[in-house]
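Protein sequence lines correspond, in order, to chains A and B. Quick note on my numbering: the first sequence kicks off at 1 and runs consecutively. Quick note on my numbering: the second sequence kicks off at 1 and runs consecutively.
Just so you know, the hints here were simulated from the structure itself, not pulled from any lab data. Ideal Cβ placement from N, Cα and C applies to all residues, glycine included. Where hints are given, some of them may not hold.
Unchecked claim - Quick list of in silico lysine-lysine cross-link-like pairs, DSBU-like style, CA-CA up to 30 Å:
hint : chain 1 : residue 1 : chain 2 : residue 2
1    : A       : 34        : B       : 69
2    : A       : 6         : B       : 87
3    : A       : 39        : B       : 85
4    : A       : 34        : B       : 67
5    : B       : 32        : A       : 34
6    : A       : 13        : B       : 168
7    : B       : 21        : A       : 6
8    : B       : 168       : A       : 21
9    : B       : 168       : A       : 34
10   : B       : 141       : A       : 6
11   : B       : 143       : A       : 13
12   : B       : 67        : A       : 13
13   : B       : 141       : A       : 39
14   : A       : 7         : B       : 12
15   : B       : 67        : A       : 33
16   : A       : 6         : B       : 67
17   : B       : 21        : A       : 43
18   : B       : 168       : A       : 33
To be verified - To give a feel for the contact side, a few chain B residues facing chain A, derived at Cβ under 8 Å:
hint : residue
19   : 25
20   : 27
21   : 29
22   : 31
23   : 45
24   : 48
25   : 49
26   : 59
27   : 60
28   : 64
29   : 65
30   : 124
31   : 164
32   : 168
33   : 169
34   : 173
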Amino acid sequence: MDADLKKRLDTYKQQFPIAVKEEAVLETIRMSKKAYCEKECEKMLTYWEFLWSQLCILRKRWWLCQLLLLVAWGGMLSYMEEAYYVRRSMGITAVLFIILVIPELWKNRTYCCMEIETAAFYSLRQIYAARILLFGIADLVLLSAFCIVLYGQLSFTFLEILVQFLFPMVVTACICFKILCKPYVQSEGTAVMACMAWSVVWWMIAVQDQLYTAVMLPVWIVLFGVAFVSLVSAVHQTVHVPLW
Amino acid sequence: MDVDFLLLMKMKQGEEDAFDKFIRKYYEEILKYCTYHCFDSEYARDLTQETFLRFFANLSAYQYCGKTKNYLYTIAGNLCKNYYKKKKEDVMDKEGLQAKAGAAADPFAGVLDQMEMQAALAGLSEEFREVLILYYFQELKLKEIAGVLGIGLPLVKYRMRQAKQQLKEFFERRGTWTQI
Numbered sequence: 001m002d003a004d005l006k007k008r009l010d011t012y013k014q015q016f017p018i019a020v021k022e023e024a025v026l027e028t029i030r031m032s033k034k035a036y037c038e039k040e041c042e043k044m045l046t047y048w049e050f051l052w053s054q055l056c057i058l059r060k061r062w063w064l065c066q067l068l069l070l071v072a073w074g075g076m077l078s079y080m081e082e083a084y085y086v087r088r089s090m091g092i093t094a095v096l097f098i099i100l101v102i103p104e105l106w107k108n109r110t111y112c113c114m115e116i117e118t119a120a121f122y123s124l125r126q127i128y129a130a131r132i133l134l135f136g137i138a139d140l141v142l143l144s145a146f147c148i149v150l151y152g153q154l155s156f157t158f159l160e161i162l163v164q165f166l167f168p169m170v171v172t173a174c175i176c177f178k179i180l181c182k183p184y185v186q187s188e189g190t191a192v193m194a195c196m197a198w199s200v201v202w203w204m205i206a207v208q209d210q211l212y213t214a215v216m217l218p219v220w221i222v223l224f225g226v227a228f229v230s231l232v233s234a235v236h237q238t239v240h241v242p243l244w
Numbered sequence: 001m002d003v004d005f006l007l008l009m010k011m012k013q014g015e016e017d018a019f020d021k022f023i024r025k026y027y028e029e030i031l032k033y034c035t036y037h038c039f040d041s042e043y044a045r046d047l048t049q050e051t052f053l054r055f056f057a058n059l060s061a062y063q064y065c066g067k068t069k070n071y072l073y074t075i076a077g078n079l080c081k082n083y084y085k086k087k088k089e090d091v092m093d094k095e096g097l098q099a100k101a102g103a104a105a106d107p108f109a110g111v112l113d114q115m116e117m118q119a120a121l122a123g124l125s126e127e128f129r130e131v132l133i134l135y136y137f138q139e140l141k142l143k144e145i146a147g148v149l150g151i152g153l154p155l156v157k158y159r160m161r162q163a164k165q166q167l168k169e170f171f172e173r174r175g176t177w178t179q180i
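Work out the full structure: start from the sequences and follow the hints.
See below:
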């Protein structure tokens, strides 16, 4: 049966030749390119998809480092009994916490990928806005988790955390973003050095009990407010003013 | 590295030559497949073009896993199924084809044999016809057919046996089987 059927089918194939027309091929090529381009033009990333793509691109090792830093500091806090040491360690941790963000935000400058990103569909400012937002969310989650875990174990008030941790942290972040906006500063080392210098200044303030206690709480709050406004301004500049 | 993978990468990057090479590589094969399904050269050309248009419209979402040809066959197969559905609605068309095939003792025997075979293929159920066309006309191996259709090898063999049996029965009913 097979041989008969095969013969019949072969005969049919010979009787029914299929010729490829060059113009049909060319038309298919032209239409295919057009279909691909049209579809690509329609395709727009939503803001969430864009944020997700940035999340995938960001290196998570720095978040892990921040987490380890908080864990290490949390572990050390339980052995520190004197407020003097706690105060100093808080200031240093705050500065280190922000310094760990620097490599990722400087990545574009370090690897000279500005041209690629400026040629991308999303503008550089949108890319930076997404990255800053992601870092902000991640840091907020880390710090919140840290505070919740240590709640009850440590006798800190919110105001103490505000003055001793959040204030130096916000000032450090402010220094980072201000330096990031400077066109003549190419190296992330400069930002790290500036943060370390601020850390030393803060250390000197924290160790001087006279100075520290002389400053009234409302003054600290005002200073924190000023630092926070400066940080918002620096972030705004990073995102809205054309960089470099 | 696989040629298709490189071509797809280049096409995704917008390299125009890659489109050219890719379409030329598969055009004839898909055209043959569509032609043996719908028996109409002009319509087969349209189906082939539509196959490539659908492929390229979804190119950016397509993830290469070494089966680009299978994907093209799947698109073409779906288009051909739509064609058959449309054809079935037009009952007169099929009846007309079979009526033409009935007159076997005509001087234009070649043409009529061709029509008879087309009627026989059209009379097969969809899955049997698919296996038969891929095996005899597209000259794919049974294992490749299993890959294209996404079914197991034993099922391909079963469908092939059934397709041959149905074809034999068709020709026997017409009394043309003994002629060969």
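Under the constraints set out in the numbered hints, which ones does this structure not fulfil? 7, 8, 9, 13, 14, 18, 19, 21, 28, 29, 30, 33 and 34
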